[in-house]
Each structure stands twice: as structure tokens, then as C-alpha cells.
Amino acid sequence: RKEVEQDPGPFNVPEGATVAFNCTYSNSASQSFFWYRQDCRKEPKLLMSVYSSGNEDGRFTAQLNRASQYISLLIRDSKLSDSATYLCVVTIWGTYKYIFGTGTRLKVLA
Amino acid sequence: DTGVSQDPRHKITKRGQNVTFRCDPISEHNRLYWYRQTLGQGPEFLTYFQNEAQLEKSRLLSDRFSAERPKGSFSTLEIQRTEQGDSAMYLCASSSGTSGETGELFFGEGSRLTVL
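Residue numbers (the numbering used here), protein chains in the order written: chain A, 1 to 110; chain B, 1001 to 1116.
What the hints contain is simulated information worked out from the structure, not anything from laboratory work. From the three backbone atoms N, C-alpha and C, an ideal C-beta is built for every residue, glycine too. Among these hints, one or two may not hold up.
Listed next, the in silico DMTMM-like pairs over lysine to aspartate or glutamate satisfying Cα-Cα at most 25 Å (straight line) [stated by the list, open to error]:
(1) A:K79 to A:D57
(2) A:K79 to A:E15
(3) A:K42 to B:D1007
(4) A:K45 to B:E1104
(5) B:K1057 to A:E5
(6) A:K42 to B:E1078
(7) A:K42 to A:E5
(8) A:K97 to B:E1078
(9) A:K45 to B:E1056
(10) A:K42 to B:E1104
(11) A:K45 to B:D1024
(12) A:K2 to B:D1063
(13) A:K107 to A:E5
(14) A:K2 to B:E1104
(15) A:K42 to B:E1109
(16) A:K107 to B:E1109
(17) A:K45 to A:D77
(18) A:K45 to B:D1007
(19) A:K97 to B:E1068
(20) A:K45 to B:E1109
(21) A:K107 to B:E1044
(22) A:K42 to B:D1086
(23) B:K1011 to B:E1109
(24) A:K97 to B:E1109
(25) A:K97 to B:D1024
(26) A:K2 to B:E1056
(27) A:K97 to B:E1056
(28) A:K2 to B:E1044
(29) A:K97 to B:E1028
(30) A:K97 to B:E1104
(31) A:K42 to B:E1028
(32) B:K1014 to B:D1086
(33) A:K97 to B:D1007
(34) A:K97 to B:E1044
(35) B:K1057 to B:E1078
(36) A:K45 to A:E56
(37) A:K42 to B:E1044
If you want the ones that stay clear, here's a sample from chain B, every Cβ over 10 Å from chain A, calculated [what the hints assert, rightly or not]:
(38) I1012
(39) N1018
(40) D1024
Could you build the full structure based on these sequences and the hints that come with them?
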């Protein structure tokens, strides 16, 4: 079983739609959580950290459920420019190792 | 440009040859990471350094792979006796942080390896 699992998609949604991605992690000693965005043939870049109480950044909302060991990302009012792969990332307590999920591909259609 | 830089950006080699990649992290970053990424997959952890100390190496990594960060600044990743399965994008990332903190990872543009 992979340490961080995501539905690879692709998710094809129309502009303006709301879309949600989930990610599950297997290590209960996971400490910090992030969503990274990766455009085609580019390097990953931090989208947002995920805090225990949930957090929002503009159209993006991230939530963490430690009991069920999953993280979610909600994108409201999707834009064409949101088309990318969204990577779920987890660090393990006591290390500085970042573990990436497979990524979920999103394509926003005009 | 003060971001993470990697060299070479592309490398084509024949099976059995050795290759070396270099990564220059953001100058004040004390942690440096190597990842490998293949098409349709997320970055796979290879190893990481805190200053010059290599703190962890993936168990999936064969002994043909070795990484160094001799002075706690730039790092090299060497692959000996390359195999076709080594073909991938090799990504370097760096971060800063004090003990117990996990901050943002900043990635370089990667070094793409093709083994013929």
C-alpha cells in the first residue's frame, strides 16, 4: 500500500465548477500536510499548507481529518488556469522527509 | 536567479554508463532533497541532506545510486551502470527550517535522464 494515495483522475470539469480532491495517508505519525501544484512539464510548487482546523486561500479550501487520515482540497469557481496536477504531500514526525502522492490531474474546460 | 538550479537539464546516455547530476540549492537553505519522477507519477523520494549530513536514503534505491553534499552547499547525484529503468526526471529541492519545522520545498526544473 502506498503511503499517500490519490485518485489520479483526470477530473474534467467546466469553468466555474466546484471540484474536490481527496488524499489518504497510511502513516499515523504523519506530521505536516501540503498541497502542491504541478503544471505539465514543470516542477511542483507549493499551493497551500493544510492545518488541523482547515484553511482557505481564495478559491481554495484545504481540510485535514486526522482520525480518518485524509486530506481534501476544494476548488471553487474553477478557472482554465487551474488545469494542473495536484499533489498531496505528507511529512513524517521526527523526519524532514516529504512523501508525495501520485497526483490528481485536473482539466478545466471552457 | 536565486532559485534551485540543476545541471544538466537533459542527459542521454547508453546503458551501463555512469551519470552525475548537480544541484545548487537556494543559498540559505540547509536541507536538500532528491526525488525521481516518471510520467503519471508523483515525485518519489530518493534521499535528503541536512547541511552535509545525509539523513535518509530510500530503501528502494539500489546501491548504484549515491549522493553527496560535501560542504553543505551544492549536491551531486551519481548513478552508476545506468539501466533503462533509470530513465526519469530527477528533481532537486531545498528548504530551510529549524529543528522540528517542515517548511516549503522549492524545486529546481529537474534533470531529465534518458537511458538508451
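Hint by hint, here is what the structure shows:
no., hint, verdict
1, A:K79 to A:D57, "holds (15 Å)"
2, A:K79 to A:E15, "holds (5 Å)"
3, A:K42 to B:D1007, "holds (15 Å)"
4, A:K45 to B:E1104, "holds (9 Å)"
5, B:K1057 to A:E5, "holds (21 Å)"
6, A:K42 to B:E1078, "holds (23 Å)"
7, A:K42 to A:E5, "holds (21 Å)"
8, A:K97 to B:E1078, "holds (20 Å)"
9, A:K45 to B:E1056, "holds (23 Å)"
10, A:K42 to B:E1104, "holds (17 Å)"
11, A:K45 to B:D1024, "holds (17 Å)"
12, A:K2 to B:D1063, "holds (23 Å)"
13, A:K107 to A:E5, "holds (20 Å)"
14, A:K2 to B:E1104, "holds (23 Å)"
15, A:K42 to B:E1109, "holds (7 Å)"
16, A:K107 to B:E1109, "holds (22 Å)"
17, A:K45 to A:D77, "holds (21 Å)"
18, A:K45 to B:D1007, "holds (19 Å)"
19, A:K97 to B:E1068, "holds (17 Å)"
20, A:K45 to B:E1109, "holds (11 Å)"
21, A:K107 to B:E1044, "holds (24 Å)"
22, A:K42 to B:D1086, "holds (20 Å)"
23, B:K1011 to B:E1109, "holds (14 Å)"
24, A:K97 to B:E1109, "holds (20 Å)"
25, A:K97 to B:D1024, "holds (19 Å)"
26, A:K2 to B:E1056, "holds (19 Å)"
27, A:K97 to B:E1056, "holds (8 Å)"
28, A:K2 to B:E1044, "holds (11 Å)"
29, A:K97 to B:E1028, "holds (19 Å)"
30, A:K97 to B:E1104, "holds (12 Å)"
31, A:K42 to B:E1028, "holds (23 Å)"
32, B:K1014 to B:D1086, "holds (11 Å)"
33, A:K97 to B:D1007, "holds (23 Å)"
34, A:K97 to B:E1044, "holds (11 Å)"
35, B:K1057 to B:E1078, "holds (14 Å)"
36, A:K45 to A:E56, "holds (17 Å)"
37, A:K42 to B:E1044, "holds (16 Å)"
38, I1012, "holds (17 Å)"
39, N1018, "holds (25 Å)"
40, D1024, "holds (14 Å)"
The structure meets every hint from the earlier list without exception.
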